[in-house]
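*Asks:* Residue numbering for the sequence shown is 1 to 291, as defined by the working numbering.
Keep in mind that the hints were calculated from the coordinates and are not lab data. Be a bit skeptical, because a hint or two may be false.
What the hints assert, rightly or not - Below are the PhoX-like pairs computed for lysine-lysine, each with C-alpha atoms no more than 25 Å apart in a straight line:
#1 K27 - K247
#2 K46 - K124
#3 K75 - K46
#4 K27 - K46
#5 K124 - K27
#6 K247 - K124
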Amino acid sequence: MDILHTAQMPWGESLVAQRAGGDVAHKRLFEGEEDSPDNYMLVMSKEPRTFFSPRHRHPWDQIRYSLEGRIPIAKGLYVRGGELGYFPESAHYGPQEGGDDRMVLLLQFGGASGQGFIGPDRVKQARIELEQEGRFEGGVYHRDVAVGRRNHDAYEAIWLHVRGGELDYAPAAYSTPIVMRPESLPWRPTTQAGIARREIGVFPHRGLTLDAWQLQPGALLSLPAAPALRLLFVLSGQGRIGSEALKPWTAVRLAPNEAVELAPSTEPLQVMQWSVSRVADLGLPVATLPD
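With the sequences and hints as input, model every part of the structure.
*Replies:* Below you can see the structure in the form of structure tokens.
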């Protein structure tokens, strides 16, 4: 188990320097293993309303939870404060422009195609290398060449540079992003006294589930061992997980097959849980990646 009190963490450099518009900052929370089909990254992002990204898609999955402000994902469409957006592999969205200054919890992870996800250090290295041959402007990479394709979406250009060859987008399981409104869903009592659960979303093709727990003072939530990666995020209240403290915006990573117990203090504790199965456990293909 790994625990981070994100509210106390300092802001770091932007991990999306290949995009455009404004002073973006990130807090790197949890990351997976590079070159694995299960690679992932959980970050907290501070984005200004001037941030811009053109309409695009990508060969991995991502979830955006708006902690504060509106996240623009298409013309007139937003992920608003307290809402979750699921951006499936290969589904187009954007342009991202306007909205509000915002605070976002962002999870990106390898999709069902088994192509994995490229981590931030490798993305930065690829961006620097590509800048020797062209330039990033307006979220697009412009290559200075006499023949061949000149322009690519910024992330697409980086993916091609790192992976080599052509980018093979899998057929989209969902044609558009999906925006979820947890506050419109009921809290359902569980068999554990003083504990209710809110089921937010289930996406079987990638073994993804999103839900939340509400614990009343005196309750004890037992989370049994499970084969999936689980990420917890405290929405409100304080308490403990095992012997460790929980505070608002505490992030917790549970490794596969790890069991824990959560208990609130003197006020209700609300915790969001994101669970992602391993590609191998789903029987999905694994793409062959270049050395």
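*Asks:* Are the hints correct? Go through all of them and say.
*Replies:* A quick look at each hint next to the structure:
For a cut-off of 25 Å, the pair hint linking K27 to K247 stands: about 17 Å separates their Cα positions. A distance of roughly 18 Å separates the Cα atoms of K46 and K124; the hinted pair therefore holds under the 25 Å criterion. For the hint linking K75 to K46, the alpha-carbon distance of about 21 Å falls within 25 Å, and the restraint holds. For the proposed pair K27 and K46, the alpha carbon gap of about 9 Å is at most 25 Å, so the pair holds.
For the proposed pair K124 and K27, the alpha carbon gap of about 15 Å is at most 25 Å, so the pair holds. For the hint pairing K247 with K124, the CA-to-CA distance comes to about 32 Å; that exceeds 25 Å, so the pair is violated.
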